[in-house]
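Chemist: Residues per chain, in single letters:
Number of protein chains: 2
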Amino acid sequence: MTEKLRTIGFSKLTPLKDALEKLNSKIQINPTEEIEIKDALNRILADNIISKISIPPFDRSAMDGYAIKAEDSFGASPKNPKEIKLVGIIEIGEFSKFKIDRGEGIRISTGAPIPEGSDAVIKIEDTEIEKDLISLYTSLVPGKNISKKGEDIKKGTHVLSKGTELKAEHIALLTSLGFNKIKVRIRPKISIFSSGDELLEPGVPLEPGKIYNSNTPMISALIELYGGNAIRGETIQDDKEAIKKKLLEAVEDSQIIIFTGGTSIGTKDYLPEIIEESGMILTHGIAQRPGAPVLIGFLSETLIFCLPGTPVAAYVSFLRIAGPAIRKMLGCLVFDPRIEIIATISKDVPVSALGFLHHLRVNLEKSEEEFIANPVKLRGSGVISSLTFSDGIVEISPDQEGLKKGDKVKVKLFPK
Amino acid sequence: MTEKLRTIGFSKLTPLKDALEKLNSKIQINPTEEIEIKDALNRILADNIISKISIPPFDRSAMDGYAIKAEDSFGASPKNPKEIKLVGIIEIGEFSKFKIDRGEGIRISTGAPIPEGSDAVIKIEDTEIEKDLISLYTSLVPGKNISKKGEDIKKGTHVLSKGTELKAEHIALLTSLGFNKIKVRIRPKISIFSSGDELLEPGVPLEPGKIYNSNTPMISALIELYGGNAIRGETIQDDKEAIKKKLLEAVEDSQIIIFTGGTSIGTKDYLPEIIEESGMILTHGIAQRPGAPVLIGFLSETLIFCLPGTPVAAYVSFLRIAGPAIRKMLGCLVFDPRIEIIATISKDVPVSALGFLHHLRVNLEKSEEEFIANPVKLRGSGVISSLTFSDGIVEISPDQEGLKKGDKVKVKLFPK
Numbered sequence: 000m001t002e003k004l005r006t007i008g009f010s011k012l013t014p015l016k017d018a019l020e021k022l023n024s025k026i027q028i029n030p031t032e033e034i035e036i037k038d039a040l041n042r043i044l045a046d047n048i049i050s051k052i053s054i055p056p057f058d059r060s061a062m063d064g065y066a067i068k069a070e071d072s073f074g075a076s077p078k079n080p081k082e083i084k085l086v087g088i089i090e091i092g093e094f095s096k097f098k099i100d101r102g103e104g105i106r107i108s109t110g111a112p113i114p115e116g117s118d119a120v121i122k123i124e125d126t127e128i129e130k131d132l133i134s135l136y137t138s139l140v141p142g143k144n145i146s147k148k149g150e151d152i153k154k155g156t157h158v159l160s161k162g163t164e165l166k167a168e169h170i171a172l173l174t175s176l177g178f179n180k181i182k183v184r185i186r187p188k189i190s191i192f193s194s195g196d197e198l199l200e201p202g203v204p205l206e207p208g209k210i211y212n213s214n215t216p217m218i219s220a221l222i223e224l225y226g227g228n229a230i231r232g233e234t235i236q237d238d239k240e241a242i243k244k245k246l247l248e249a250v251e252d253s254q255i256i257i258f259t260g261g262t263s264i265g266t267k268d269y270l271p272e273i274i275e276e277s278g279m280i281l282t283h284g285i286a287q288r289p290g291a292p293v294l295i296g297f298l299s300e301t302l303i304f305c306l307p308g309t310p311v312a313a314y315v316s317f318l319r320i321a322g323p324a325i326r327k328m329l330g331c332l333v334f335d336p337r338i339e340i341i342a343t344i345s346k347d348v349p350v351s352a353l354g355f356l357h358h359l360r361v362n363l364e365k366s367e368e369e370f371i372a373n374p375v376k377l378r379g380s381g382v383i384s385s386l387t388f389s390d391g392i393v394e395i396s397p398d399q400e401g402l403k404k405g406d407k408v409k410v411k412l413f414p415k
Numbered sequence: 000m001t002e003k004l005r006t007i008g009f010s011k012l013t014p015l016k017d018a019l020e021k022l023n024s025k026i027q028i029n030p031t032e033e034i035e036i037k038d039a040l041n042r043i044l045a046d047n048i049i050s051k052i053s054i055p056p057f058d059r060s061a062m063d064g065y066a067i068k069a070e071d072s073f074g075a076s077p078k079n080p081k082e083i084k085l086v087g088i089i090e091i092g093e094f095s096k097f098k099i100d101r102g103e104g105i106r107i108s109t110g111a112p113i114p115e116g117s118d119a120v121i122k123i124e125d126t127e128i129e130k131d132l133i134s135l136y137t138s139l140v141p142g143k144n145i146s147k148k149g150e151d152i153k154k155g156t157h158v159l160s161k162g163t164e165l166k167a168e169h170i171a172l173l174t175s176l177g178f179n180k181i182k183v184r185i186r187p188k189i190s191i192f193s194s195g196d197e198l199l200e201p202g203v204p205l206e207p208g209k210i211y212n213s214n215t216p217m218i219s220a221l222i223e224l225y226g227g228n229a230i231r232g233e234t235i236q237d238d239k240e241a242i243k244k245k246l247l248e249a250v251e252d253s254q255i256i257i258f259t260g261g262t263s264i265g266t267k268d269y270l271p272e273i274i275e276e277s278g279m280i281l282t283h284g285i286a287q288r289p290g291a292p293v294l295i296g297f298l299s300e301t302l303i304f305c306l307p308g309t310p311v312a313a314y315v316s317f318l319r320i321a322g323p324a325i326r327k328m329l330g331c332l333v334f335d336p337r338i339e340i341i342a343t344i345s346k347d348v349p350v351s352a353l354g355f356l357h358h359l360r361v362n363l364e365k366s367e368e369e370f371i372a373n374p375v376k377l378r379g380s381g382v383i384s385s386l387t388f389s390d391g392i393v394e395i396s397p398d399q400e401g402l403k404k405g406d407k408v409k410v411k412l413f414p415k
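If you're matching them up, the sequences are chains A and B in order. All letters in the first sequence, in the order written, are residues 0 to 415 by numbering that gives the first Met the number 0. All letters in the second sequence, in the order written, are residues 0 to 415 by numbering that gives the first Met the number 0.
Source of the hints: derived by calculation from the structure; they are not laboratory data. Be aware that a few hints might be false.
Chain copies aren't distinguished; within one or between two, either way the pair holds.
[Said to hold, decoys possible] Restricting the straight-line Cα-Cα distance to at most 20 Å, the calculated cross-link-like pairs of lysine to aspartate or glutamate (EDC-like) are: (1) 37 <-> 233; (2) 16 <-> 127; (3) 147 <-> 58; (4) 96 <-> 196; (5) 411 <-> 364; (6) 180 <-> 200; (7) 37 <-> 364; (8) 11 <-> 124; (9) 409 <-> 129; (10) 51 <-> 272; (11) 403 <-> 124; (12) 182 <-> 32; (13) 365 <-> 339.
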């Protein structure tokens with residue numbers, strides 16, 4: 000019995016790095032779709048963007064004031080104002096045919112086009128007006144308070160790269176270039192399953208020996224944060240035929256299936272058998288803690304991730320393996336979107352086993368000069384509170400013998 | 000004319016700190032609504048959560064193996080195995096009435112309840128089985144491989160605070176406690192308007208003297224990132240009656256109206272007049288750069304933010320003023336959700352005027368030991384590319400004479 004369990008289980012653990020390399024070589028980038036810019040937040044840009052216009056598209060006033068010839072202001076001061084004549088007003092949005100000569104000024108608003116002949120704008124606060132005579136109280140250098148055409152972006156500039164995750168500032172940039180539609184990558188459709196006879200759906204009374212299934216909603220939230228499209232989330236009993244039926248159904252409409260539970264070497268862990276029989280196992284067993292019993296495989300074209308059933312192990316395995324796979328399909332520039340900060344570790348952290356990548360949960364304290372990373376006491380990979388009491392993860396590489404108090408570490412913040 | 004302009008404009012600038020204090024004293028927390036946990040990502044929790052159950056709810060096995068009495072394994076080693084008798088199997092999800100005595104073991108899966116009488120679980124890998132005789136190859140201390148009831152969370156523990164922004168890990172925690180619905184704060188409904196005769200909607204050909212309106216989609220994306228509900232986004236011509244009509248309509252269904260443009264002292268800046276006539280101005284003119292011409296006011300119960308028309312000034316004013324107001328309505332623990340990291344500034348940054356809070360855009364480089372913040376060259380508050388080329392903002396306080404190369408600075412990362 001031991002022998003059989005060992006054979007179907009993972010006798011050899013693969014380094015995470017190797018597993019990810021093998022996985023990445025199998026992932027294709029998704030096709031594109033065109034969407035409206037108003038729906039573009041958090042989507043992944045599919046094309047490089049070259050500006051087809053200059054921004055600003057014309058020389059424009061950066062102030063409310065008067066467009067003048069700078070030389071008319073030379074020597075002006077509050078005690079020795081210079082006078083010019085008001086010859087017109089340019090409203091914002093108007094493209095005026097006005098032309099000014101020496102001794103003339105035109106009232107102009109912030110953002111309005113500079114009239115021909117003018118090379119400076121004097122702020123309204125630095126002037127006074129009496130009928131059509133403007134007194135200038137300060138001396139301007141040519142170019143003062145004018146935003147030159149193309150100052151922000153020159154026509155023909157590469158402004159955004161394909162693979163950019165679109166945030167408010169990118170949406171502003173694209174819109175200012177005139178885009179109202181944009182090509183993005185289609186979000187991968189993902190099915191989530193949890194297996195386990197011990198699992199209850201939240202909302203029903205707790206029964207002896209059972210626990211609530213927290214993995215499906217957790218993975219669903221992570222998929223959303225990583226840009227995927229969770230189309231199905233179900234709990235299945237630990238029955239081989241039931242699991243197989245569900246999987247083969249989901250293959251029809253899912254690019255990815257994420258399964259939690261059912262991958263260890265317990266008596267009812269049918270999943271590796273099913274993948275082996277009907278598909279292909281890419282990796283089974285990864286040298287990481289928590290999260291060793293991860294299986295990566297394929298059923299037809301559908302990528303299968305079987306993550307451990309314990310929530311913390313499922314969480315870190317998603318962040319390190321399934322999440323980046325989603326982002327690779329989306330053509331992201333960065334597969335791991337977590338923000339990484341540098342901190343000083345507050346105490347020694349020995350590791351229990353060399354050869355494993357350890358995911359150390361830490362919470363952060365901020366001093367004036369640096370971040371301090373406090374390891375959160377670990378009591379097992381089922382301990383969800385170790386996540387909610389933490390801010391992020393420090394990875395201890397397989398060849399590191401642990402961390403020493405005072406070491407600088409990189410903390411990958413939890414995805415927000 | 001100058002005199003009149005100065006009167007309706009902002010002759011005195013308010014420190015940002017004071018403006019925010021005044022604003023915050025006027026903001027009430029929104030009422031709550033009950034939603035399903037599957038829709039809870041990014042929502043703001045309205046209640047403190049006290050655990051009504053223990054997690055795990057029972058002593059359970061942390062390994063696949065055999066539940067035994069630890070003392071039966073004392074002295075066991077690969078060369079000197081101890082033998083016990085298999086008396087049953089406990090499947091996961093089963094609450095068994097089994098009871099074991101000295102010399103007995105029960106096959107148990109990870110997560111299954113520990114039977115009465117057992118005080119340790121020996122891993123399957125550390126055993127061999129021949130018919131019903133189990134050989135134990137290692138010695139266990141009592142408690143080994145058992146997750147004790149309440150190890151993760153004890154019944155009655157305060158596990159989450161009201162005001163928490165719910166992420167994947169919180170959703171996992173709430174679900175594991177049995178919640179399938181949760182009370183959150185209702186998202187404030189927000190209308191966005193931009194005014195300006197120079198503004199074109201993206202998608203139409205560019206005309207002389209005009210620019211594309213990028214503020215409405217940018218603000219809309221920011222509102223979404225801050226947890227608000229953007230219900231309307233429109234561009235209005237610079238016409239006082241048209242603006243007034245739109246505002247008074249939007250007051251009916253909006254908790255907040257965000258206006259961009261129309262707040263400076265140009266010839267067509269009707270907005271302050273309208274707010275003064277029909278509502279109340281709280282602050283007009285803030286001592287910050289960019290972003291001085293901000294107006295904060297009320298029309299009936301609706302909070303009005305008039306942000307500058309230049310995109311960068313509108314962006315930073317949103318992050319510092321309008322965004323935190325949304326989060327205060329949501330009852331968030333932290334009004335400014337931006338991640339703040341510590342970095343070293345790479346060059347001297349003189350400031351142009353004391354008394355102003357300066358929002359310095361920087362991009363970040365990471366070395367092994369620290370982050371370097373490189374100031375992004377500023378050419379004006381209209382320069383959207385200064386945002387897309389940056390990673391965040393360093394604030395230079397009104398009493399600081401600038402930054403010196405090598406100074407430690409706090410960088411607030413752009414909201415993602």
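Chemist: Does each hint fit the structure? Answer for all of them.
Modeler: Hints, verified against the model:
no. : hint        : result
1   : 37 <-> 233  : between (32 Å within a copy, 12 Å between copies)
2   : 16 <-> 127  : neither (70 Å within a copy, 33 Å between copies)
3   : 147 <-> 58  : within (4 Å within a copy, 72 Å between copies)
4   : 96 <-> 196  : between (79 Å within a copy, 17 Å between copies)
5   : 411 <-> 364 : both (14 Å within a copy, 16 Å between copies)
6   : 180 <-> 200 : between (41 Å within a copy, 12 Å between copies)
7   : 37 <-> 364  : neither (37 Å within a copy, 31 Å between copies)
8   : 11 <-> 124  : between (76 Å within a copy, 13 Å between copies)
9   : 409 <-> 129 : neither (64 Å within a copy, 49 Å between copies)
10  : 51 <-> 272  : neither (55 Å within a copy, 38 Å between copies)
11  : 403 <-> 124 : neither (61 Å within a copy, 32 Å between copies)
12  : 182 <-> 32  : within (6 Å within a copy, 36 Å between copies)
13  : 365 <-> 339 : both (15 Å within a copy, 9 Å between copies)
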